[in-house]
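Student: Here is how the chains run, residue by residue.
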Amino acid sequence: MKIIVCVKQVPGTSNVEVDPVTGVLKRDGLCAKLNPYDLFALETGFRLKEKSGGEITTISMGPPQAKESLLETVYMGADNGVLLSDRAFAGADVQATSYALKTGVEKIGKYDLIICGKQTTDGDTAQVGPELAEQLGIEHAANVISVDEIDGEYITVTVNLDSVYQTQKMKLPCLITIEKDACTPRLPSFKRKFATSPDAVVVYTAKDLDNLDAERCGLKGSPTQVERIFPPEAGGDRVIFNSGDELSDKLFDILSEKKFL
Amino acid sequence: MGLIIHKEKINEETAGKLIDICPFSAIGYKDGELSIGQSCKMCKLCVKKGPEGAITFEEEEKPVCDKSLWQGVAVFAEQRGGKIHPVSLELVGKARELAKVTGHPVLVVLIGYKLETAAKELLEYGVDKVYVYDDEAFSDFVISPYANAFTDFIEKIKPSSILVGATSLGRSIAPKVAARVHAGLTADCTMLEMKKNTDLVQIRPAFGGNIMAQIITPNTRPQFCTVRYKIFSAPKKSEATGEIIDMPVDENMIKGYTTVLKTVNKPEEIDISDAEIIVAVGRGIRTKDDLALAEQLADTLHAQLACTRPLVENGWFDAKRQIGLSGRTVKPKLIITLGISGSVQFAAGMRNSDLIIAVNKDRKAPIFEFANYGFVGDLYEIVPALLKKVEELYNV
Numbered sequence: 005m006k007i008i009v010c011v012k013q014v015p016g017t018s019n020v021e022v023d024p025v026t027g028v029l030k031r032d033g034l035c036a037k038l039n040p041y042d043l044f045a046l047e048t049g050f051r052l053k054e055k056s057g058g059e060i061t062t063i064s065m066g067p068p069q070a071k072e073s074l075l076e077t078v079y080m081g082a083d084n085g086v087l088l089s090d091r092a093f094a095g096a097d098v099q100a101t102s103y104a105l106k107t108g109v110e111k112i113g114k115y116d117l118i119i120c121g122k123q124t125t126d127g128d129t130a131q132v133g134p135e136l137a138e139q140l141g142i143e144h145a146a147n148v149i150s151v152d153e154i155d156g157e158y159i160t161v162t163v164n165l166d167s168v169y170q171t172q173k174m175k176l177p178c179l180i181t182i183e184k185d186a187c188t189p190r191l192p193s194f195k196r197k198f199a200t201s202p203d204a205v206v207v208y209t210a211k212d213l214d215n216l217d218a219e220r221c222g223l224k225g226s227p228t229q230v231e232r233i234f235p236p237e238a239g240g241d242r243v244i245f246n247s248g249d250e251l252s253d254k255l256f257d258i259l260s261e262k263k264f265l
Numbered sequence: 002m003g004l005i006i007h008k009e010k011i012n013e014e015t016a017g018k019l020i021d022i023c024p025f026s027a028i029g030y031k032d033g034e035l036s037i038g039q040s041c042k043m044c045k046l047c048v049k050k051g052p053e054g055a056i057t058f059e060e061e062e063k064p065v066c067d068k069s070l071w072q073g074v075a076v077f078a079e080q081r082g083g084k085i086h087p088v089s090l091e092l093v094g095k096a097r098e099l100a101k102v103t104g105h106p107v108l109v110v111l112i113g114y115k116l117e118t119a120a121k122e123l124l125e126y127g128v129d130k131v132y133v134y135d136d137e138a139f140s141d142f143v144i145s146p147y148a149n150a151f152t153d154f155i156e157k158i159k160p161s162s163i164l165v166g167a168t169s170l171g172r173s174i175a176p177k178v179a180a181r182v183h184a185g186l187t188a189d190c191t192m193l194e195m196k197k198n199t200d201l202v203q204i205r206p207a208f209g210g211n212i213m214a215q216i217i218t219p220n221t222r223p224q225f226c227t228v229r230y231k232i233f234s235a236p237k238k239s240e241a242t243g244e245i246i247d248m249p250v251d252e253n254m255i256k257g258y259t260t261v262l263k264t265v266n267k268p269e270e271i272d273i274s275d276a277e278i279i280v281a282v283g284r285g286i287r288t289k290d291d292l293a294l295a296e297q298l299a300d301t302l303h304a305q306l307a308c309t310r311p312l313v314e315n316g317w318f319d320a321k322r323q324i325g326l327s328g329r330t331v332k333p334k335l336i337i338t339l340g341i342s343g344s345v346q347f348a349a350g351m352r353n354s355d356l357i358i359a360v361n362k363d364r365k366a367p368i369f370e371f372a373n374y375g376f377v378g379d380l381y382e383i384v385p386a387l388l389k390k391v392e393e394l395y396n397v
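Chains as they are written, first to last, in our numbering: chain L, 5 to 265; chain E, 2 to 397.
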């Protein structure tokens with residue numbers, strides 16, 4: 005069984021704030037980490053490999069330093085990693101990102117299953133997985149809470165559909181995105197870390213990817229465009245009501261106005 | 002196309018400024034050469050706020066599709082067992098507002114089995130046309146048949162904008178279909194506006210939530226977005242004037258490689274992380290019996306009850322209900338804190354809530370530094386008085 009797990013390196017902190025005076029973004033720390041949601045996708049992959057054997061390749065699109073995150077996946081249990089890194093991928097929206105990943109997956113070759121995290125902590129869209137599946141022409145299941153069965157031809161998964169859990173049998177190859185807390189992720193192994201060569205992760209630039217259409221990558225390949233960014237309004241207003249008889253009335257008014265009552 | 006670095010303006014000083022401005026550490030400077038790396042998110046702050054002329058943005062003339070061929074603001078109506086998900090009705094309300102700007106009709110695509118009642122109900126919310134794909138194959142949500150029907154609707158009807166609820170189902174089908182028709186897709190919009198030229202202005206929290214990004218799809222149609230439940234309001238029902246159109250379902254449409262084995266209703270479970278409204282209590286509550294007061298308020302607001310760490314330690318609450326660094330992180334639409342001073346540890350678990358209302362006796366409590374509305378007073382007076390007022394007015 006050949007499994008591909010998609011991962012992303014995300015900022016270590018989500019505290020990016022806009023300075024209300026200058027309108028400039030304030031950065032809080034430069035550390036980066038593996039997207040926490042991806043840990044559940046990785047763990048699901050590792051367990052399938054332990055049960056059915058096979059090989060796990062992790063893939064990511066990102067800046068050169070994202071190689072660190074891919075190496076971390078190898079320390080945890082992946083066999084190797086692939087990083088797609090090229091200036092041509094910058095400014096990619098969901099569609100351009102999933103297109104680049106598609107060409108990367110095709111470069112890896114034959115696979116049985118692709119596993120993604122539910123979403124990332126920086127983009128939060130939860131959309132790259134399903135878009136990637138469509139680009140590859142395979143079916144997908146989002147929000148998978150458990151993989152119940154797998155053989156060479158089919159996989160049975162249970163998905164979270166908000167009000168119900170649905171168990172479904174899907175034909176391989178397909179793509180699944182794993183719900184948070186679906187399993188307990190393992191930590192990177194020191195033993196593996198010492199045994200891993202940096203060559204376990206290969207870096208492909210746009211040139212290395214066969215049949216890559218540059219027009220569909222990065223900013224060029226993104227139908228959506230960011231027109232502007234601005235600080236949220238809600239953070240600004242702070243009102244203090246001091247003691248007085250009408251405190252409950254004021255609270256009532258606020259709750260009514262905001263439609264909570 | 003993209004960002005152009007003007008070498009003649011780059012020196013140690015301007016490079017330093019640019020590096021400082023970039024929130025994504027995408028700009029590097031080495032051996033007198035400035036570079037922009039792949040972590041660039043095209044926020045263009047370096048263009049707007051950087052040393053003038055150092056980096057400019059060059060627009061490339063992209064072919065623009067004929068937008069007049071795409072008419073209508075469409076909503077994907079999610080249903081289960083013929084019951085419309087309330088988020089779809091909220092989106093119908095928003096679609097009506099958006100459609101007014103351009104004079105477009107409000108359309109709904111409804112996919113499922115035995116949908117007659119649901120389709121009629123949608124008309125009562127002011128939909129002009131409901132396109133119905135009704136077939137037994139759609140009784141459970143299976144991605145391929147649903148996506149095929151959705152795509153069929155887009156290809157035949159050519160709606161300009163498509164709004165989808167950001168439910169589990171919506172977040173699965175919207176990207177699938179958007180990828181298939183090569184449409185731009187923006188997730189979890191919190192505000193939507195319409196331009197006269199039919200461009201949908203999509204606003205969403207970005208990069209972790211402390212920044213809003215305004216996103217458009219200027220060159221292609223359709224334009225797709227998803228919106229979470231309870232962001233917009235459902236319109237009031239009125240007399241139906243629109244029409245229901247039955248769309249043909251063929252063999253190819255319902256073909257798929259996934260079979261549903263079973264569905265199980267989800268048990269109700271406590272997870273304050275997902276709660277939209279929270280009433281949180283702290284040490285200002287004097288006895289365990291007094292928790293009834295907070296419970297009553299929580300019931301009134303359909304809120305989940307949560308607490309600070311000391312209340313877990315003294316055994317009043319299960320650890321699942323604790324907010325903070327050592328507990329859960331929550332981001333509800335509303336959190337009311339009662340008798341909570343607001344330690345850094347507690348704040349870390351709830352600071353990103355949309356609306357924070359704090360009730361505390363001590364004016365100097367740190368919670369008042371970040372609460373949107375602070376009530377300096379006794380919770381034992383304020384809460385009962387509030388509950389009484391609600392009871393009188395709503396008779397609950």
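Treat the hints loosely; a few may be bogus.
[Stated by the list, open to error] With a straight-line Cα cutoff of 25 Å, these simulated PhoX-like cross-link-like pairs (lysine-lysine) come out:
| hint | chain 1 | residue 1 | chain 2 | residue 2 |
| --- | --- | --- | --- | --- |
| 1 | E | Lys50 | L | Lys263 |
| 2 | E | Lys256 | L | Lys262 |
| 3 | E | Lys18 | E | Lys45 |
| 4 | L | Lys262 | E | Lys237 |
| 5 | E | Lys50 | L | Lys224 |
| 6 | L | Lys224 | E | Lys45 |
| 7 | E | Lys31 | L | Lys173 |
| 8 | E | Lys267 | L | Lys184 |
| 9 | E | Lys263 | L | Lys184 |
[What the hints assert, rightly or not] FRET-style restraints, in silico, Cβ to Cβ:
| hint | chain 1 | residue 1 | chain 2 | residue 2 | range |
| --- | --- | --- | --- | --- | --- |
| 10 | L | Glu219 | E | Glu34 | 37 to 47 Å |
| 11 | E | Leu262 | L | Pro192 | 33 to 43 Å |
| 12 | E | Glu34 | L | Ala218 | 17 to 27 Å |
| 13 | E | Gly82 | L | Leu191 | 37 to 47 Å |
| 14 | L | Cys35 | E | His303 | 37 to 47 Å |
| 15 | E | Ser140 | L | Thr160 | 57 to 67 Å |
The hints are simulated quantities; they were obtained by calculation from the structure and are not laboratory data. Where a beta carbon is used, it is the ideal one built from N, C-alpha and C, also for glycine.
Student: Does each hint hold? Answer for all of them.
Tutor: Hint-by-hint comparison with the structure:
{"no.": "1", "hint": "E:Lys50 / L:Lys263", "result": "violated (39 Å)"}
{"no.": "2", "hint": "E:Lys256 / L:Lys262", "result": "violated (46 Å)"}
{"no.": "3", "hint": "E:Lys18 / E:Lys45", "result": "holds (14 Å)"}
{"no.": "4", "hint": "L:Lys262 / E:Lys237", "result": "holds (18 Å)"}
{"no.": "5", "hint": "E:Lys50 / L:Lys224", "result": "holds (23 Å)"}
{"no.": "6", "hint": "L:Lys224 / E:Lys45", "result": "holds (15 Å)"}
{"no.": "7", "hint": "E:Lys31 / L:Lys173", "result": "violated (54 Å)"}
{"no.": "8", "hint": "E:Lys267 / L:Lys184", "result": "holds (16 Å)"}
{"no.": "9", "hint": "E:Lys263 / L:Lys184", "result": "holds (22 Å)"}
{"no.": "10", "hint": "L:Glu219 / E:Glu34: 37 to 47 Å", "result": "violated (27 Å)"}
{"no.": "11", "hint": "E:Leu262 / L:Pro192: 33 to 43 Å", "result": "holds (36 Å)"}
{"no.": "12", "hint": "E:Glu34 / L:Ala218: 17 to 27 Å", "result": "holds (23 Å)"}
{"no.": "13", "hint": "E:Gly82 / L:Leu191: 37 to 47 Å", "result": "holds (43 Å)"}
{"no.": "14", "hint": "L:Cys35 / E:His303: 37 to 47 Å", "result": "holds (39 Å)"}
{"no.": "15", "hint": "E:Ser140 / L:Thr160: 57 to 67 Å", "result": "violated (19 Å)"}
Violated hints, in rising order: 1, 2, 7, 10 and 15; the structure is consistent with all others.
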